[in-house]
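Asker: Here are the chains, one letter per residue:
4 protein chains.
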Amino acid sequence: MTQSDTRDTKPSQDVALIVGGGPGISASCARLFAERGMPVGIAARDPDKSVLQNLEKTHGVRRYACDASEPAAVELLFQNVVRDLGAPTLVVHNIDGRMAGIFRKGITEADPSMALETLRNSAFSAFLVGQQAARLMRENTPNANGTKGTIIFTNASAALKGFPLSAAFAMACQAKSGLAQSMARELMPQGIHIVNVPIDAAIGWTQEDGTRAHRLAGTTVDDNMADPDSIAETYLQLHRQHRSTWAFEVVLRPWVEKW
Amino acid sequence: MTQSDTRDTKPSQDVALIVGGGPGISASCARLFAERGMPVGIAARDPDKSVLQNLEKTHGVRRYACDASEPAAVELLFQNVVRDLGAPTLVVHNIDGRMAGIFRKGITEADPSMALETLRNSAFSAFLVGQQAARLMRENTPNANGTKGTIIFTNASAALKGFPLSAAFAMACQAKSGLAQSMARELMPQGIHIVNVPIDAAIGWTQEDGTRAHRLAGTTVDDNMADPDSIAETYLQLHRQHRSTWAFEVVLRPWVEKW
Amino acid sequence: MTQSDTRDTKPSQDVALIVGGGPGISASCARLFAERGMPVGIAARDPDKSVLQNLEKTHGVRRYACDASEPAAVELLFQNVVRDLGAPTLVVHNIDGRMAGIFRKGITEADPSMALETLRNSAFSAFLVGQQAARLMRENTPNANGTKGTIIFTNASAALKGFPLSAAFAMACQAKSGLAQSMARELMPQGIHIVNVPIDAAIGWTQEDGTRAHRLAGTTVDDNMADPDSIAETYLQLHRQHRSTWAFEVVLRPWVEKW
Amino acid sequence: MTQSDTRDTKPSQDVALIVGGGPGISASCARLFAERGMPVGIAARDPDKSVLQNLEKTHGVRRYACDASEPAAVELLFQNVVRDLGAPTLVVHNIDGRMAGIFRKGITEADPSMALETLRNSAFSAFLVGQQAARLMRENTPNANGTKGTIIFTNASAALKGFPLSAAFAMACQAKSGLAQSMARELMPQGIHIVNVPIDAAIGWTQEDGTRAHRLAGTTVDDNMADPDSIAETYLQLHRQHRSTWAFEVVLRPWVEKW
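Protein chains in written order, with the working numbering: chain A, 1085 to 1343; chain B, 1085 to 1343; chain C, 1085 to 1343; chain D, 1085 to 1343.
Where hints are given, some of them may not hold.
[Unchecked claim] A short, non-exhaustive set of chain D residues, derived as facing chain B with CB atoms under 10 angstroms:
#1 Arg1167
#2 Phe1187
#3 Met1272
#4 Ile1276
#5 Phe1332
#6 Glu1333
#7 Arg1337
#8 Trp1343
[As the list claims (entries may be wrong)] Label-pair distances were calculated between CB atoms; the ranges are:
#9 B:Gln1291 <-> A:Phe1187: 45 to 53 angstroms
#10 A:Gly1294 <-> C:Asp1306: 54 to 62 angstroms
#11 C:Gly1170 <-> A:Lys1342: 29 to 37 angstroms
#12 C:Asp1306 <-> A:Gln1163: 32 to 40 angstroms
#13 C:Gln1274 <-> D:Ala1301: 29 to 37 angstroms
#14 C:Asp1168 <-> A:Asp1130: 54 to 62 angstroms
#15 D:Lys1133 <-> C:Gly1170: 48 to 56 angstroms
#16 D:Lys1133 <-> B:His1298: 44 to 52 angstroms
It is worth saying that the hints were derived from the structure and are not from the lab. Just so it is clear, CB atoms sit at the ideal spot from N, CA and C, and this is done for glycine as well.
Start from the sequences and build out the full structure, keeping to the hints where you can.
Answerer: Put into structure tokens, the structure is as follows:
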């Protein structure tokens, strides 16, 4: 039996909350965390979409309706999660914020109200979720690895580099990085692990027929899309890192990605 | 006569607009640009403060009232500048966005509405100003250096590193960097020079008695505050760079700054 | 049974080589990799030091004498490893290169020959080890995760930031980062996973009495030194990442580290 | 008369030394610095090449033979410059280090001895030049801007990003960045301005017929090569920056460059 197995002896104490509910990273996290024995909540604007109903059926995932860009809604979400599942120890903010109406528009054509909405949906909701999570986690007892809780911000390659035709998205992603950095420097010495995870890739998902998308349309290279199950696994490993060796930022990209 | 002197032969065609009106960088820019023969406009929420009235008296600077976080107000500002001074070729966004009520507050104590306000005041206003400037500059004739216009975003050290107790400020600064990066990659190939200038320092200013603050209170080292006149000079040099050798990001810090 | 358990079905095929043989990361890696069933080789200038002899006794680790800054010696090392253990699939370059005679010396006082020696010992040896590893791994069959092999460069915080009084060390660390980046962009699309791991911390080790150092002398905070067992665990996780989601750089630091 | 003109009142006190002698940046710097009244020395392995002989004729530039990767040779160079021109206040290290025999070779094919030679020629020579310059500049009297001297390291885009097929070059460039960072943190508080200038571009030069190359072969876009005269101008501006607002790193790239 290895060190990592013995150290984290009470995984059942863990409670996970995933904010943002799609068929990719959120669903993979929900499944993996539930399989490892955690009560899992998932919050989305529309908690009734089929992917979430399926997660409830197959993995007992609890569904919550929440507009994560509204302060009161986020506060209520965390109250409900504490009531239903217990205080969370692993919170994933998984809202991308890309909006069809503005993404891939030139700066001179972009609708300002959509730019502000992008900032609200992605970066400001991350602030709200991070704030509520931190308030609760401060009161947690450290686990065997010295961790009171882990807050993971899923991010995108625009966090590393602002691309043309996506100014608002670059703003939101880099704002999220700024939030994560500030929270990390403030909260890591208090035992709360903060992680920023820019995914430099298109992300695969489970398709209607149950198979996994793993290849971009029109390409012949396998695995040039990031497998969300593998991302979920990295998230779990990050949560289980010992506090003497915490990673703050991990960029994940497929083997053939250009960067 | 040197290359740089001969190249930029028509400085009188230049028109400058400074958004944000304080006694530091904005005032120094206004003075320097006016001394070099540019018509200069300066926009502020309160255009009647004495520093701006003085700039009007001493340097003929035109004052504009503008809440730069409002799309319609920014659109109107640029219309008025074009009418009064001509299409701008040098635009400086100089709004810091730090709010006393939230800066230096822990993430768990920070007022969410102030966090959103910080994003609006600093990052979103930069989007609006950048957008209007880009729309006009696209139509400019390139000057002798191949430049249709220069847009400079004054930024802070939080753009480089999110510090504790200032999550909202870090979000705003890094959002501004993301904006600048995206705009640079989009607009530089169209002849518009985009620059992000994180000032990693406290900034000096002209004090009531006319002398310059240059030293932090309680220290004995001269020039440990950034001299805004020197910053303005760097801005002018950036505007005059030939398009074959544009700098996108310049971090300015005093010789004794820790980093 | 989870995805990660099923995917990596033949861990016994793995062969590990660790270059650099100290009581910290190298010893922890050797133990962990051996416990997971890998044949393990470890190379050091002096392979007879007691820590390595103990690893041979307790974990069957094979010891090799090698001056890793000598091209012919590194070539011979890999030939011997292939002969004894098989072609390596996991190679860790773990030579720090700090030299007492130059580290913490001002640039004007530093002995140039020691600066060059620092570059040779750390960065150039990483080039040699990376080159030999890549030559062999290219010929490996991909494992269940699509990986032909993993090359991990242990690095230091100077890779991220050149500190005063350690110019030569900063040069070596950043050279190592440059090597890792170039190799990653070249070899990842060929199925070889390259990772750069700056450890932003003092590193603990097993003391004479068998206990682990975990706290800096003179401090009261637990776990303010990086636990090498935890580092080894992260290395193993990196080796097992699926190629659709590879991390290239992971910075590890203790929860209370300033950065 | 503007601030910058009045501040730096004694340009004749300046003494410039350029290490590395090609027809691009080195020649442009030599011309510009001489035109501004500085005694200028230029050091190269072969000081008799025609571009340097011409600089002597047209601008009175002093030529020095020096293998800058040899400690004794660099020490002697500075002694000779002090004897001939006075203690330097502006030193440019302008050795690229790319070697035809290894550049664009895959890591598995690259000749190790050439990799080491690349490190020596570029990074180690920068260490030697920086060290000698710092020793002398420490003793200088600060000029009107508070500067005892400026040391500029010309660098390449590989300093920012290690590209495939150029591992040794990436090592050398990033080592140079590490050197510059360490020296900056150590020497800037002593009044010596250190600057790292990655040029993210192909660099134009004066062709046989006296015209400037400004466009990459096979392209139709003007000014897609960096103009070395403009680079020289930026170097001079950096040297003249007031110490309250020093830039440490400036990346220069043409308007149409992809990054």
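Asker: Starting from the hint 54 to 62 angstroms, judge whether the C-beta atoms of C:Asp1168 and A:Asp1130 obey it.
Answerer: 59 angstroms, holds
Asker: Restraint: D:Arg1337 near chain B, CB-CB cut 10 angstroms. Satisfied or not?
Answerer: 6 angstroms, holds
Asker: Using the C-beta atoms of C:Gln1274 and D:Ala1301, is the stated range 29 to 37 angstroms upheld?
Answerer: 31 angstroms, holds
Asker: Tell me if the interface restraint on D:Arg1167 is satisfied: Cβ within less than 10 angstroms of some Cβ in chain B.
Answerer: At about 29 angstroms, which exceeds the 10 angstroms cut-off, the nearest Cβ of chain B leaves the hint on D:Arg1167 violated.
Asker: Are D:Trp1343 and chain B close enough, Cβ to Cβ, to be under 10 angstroms, as the hint says?
Answerer: Holds, about 7 angstroms.
Asker: For the hint 54 to 62 angstroms, verify it against the beta carbon of A:Gly1294 and that of C:Asp1306.
Answerer: 47 angstroms, violated
Asker: Taking 48 to 56 angstroms as the stated bounds, is the beta-carbon spacing between D:Lys1133 and C:Gly1170 within them?
Answerer: With Cβ atoms ~53 angstroms apart, the hint holds.
Asker: Please check whether D:Phe1332 passes as an interface residue: C-beta within 10 angstroms of a C-beta belonging to chain B.
Answerer: 7 angstroms, holds
Asker: Should the hint that D:Phe1187 touches chain B count as held when the rule is a Cβ pair under 10 angstroms?
Answerer: Check failed: Cβ of D:Phe1187 comes no nearer than 23 angstroms to chain B, outside 10 angstroms.
Asker: Could you see if the CB distance from C:Asp1306 to A:Gln1163 stays within 32 to 40 angstroms?
Answerer: The hinted range 32 to 40 angstroms holds for C:Asp1306 and A:Gln1163, with Cβ atoms some 33 angstroms apart.
Asker: I want to verify a distance hint. Is the separation of the beta carbons of C:Gly1170 and A:Lys1342 within 29 to 37 angstroms?
Answerer: Given a distance of about 33 angstroms, which is inside 29 to 37 angstroms, the answer is holds.
Asker: Given D:Ile1276 was flagged as interface, is its beta-carbon under 10 angstroms from a beta-carbon of chain B?
Answerer: At about 9 angstroms, which falls below the 10 angstroms cut-off, the nearest Cβ of chain B leaves the hint on D:Ile1276 intact, so it holds.
Comparing the model with each numbered hint stated earlier shows that hints 1, 2 and 10 do not hold.
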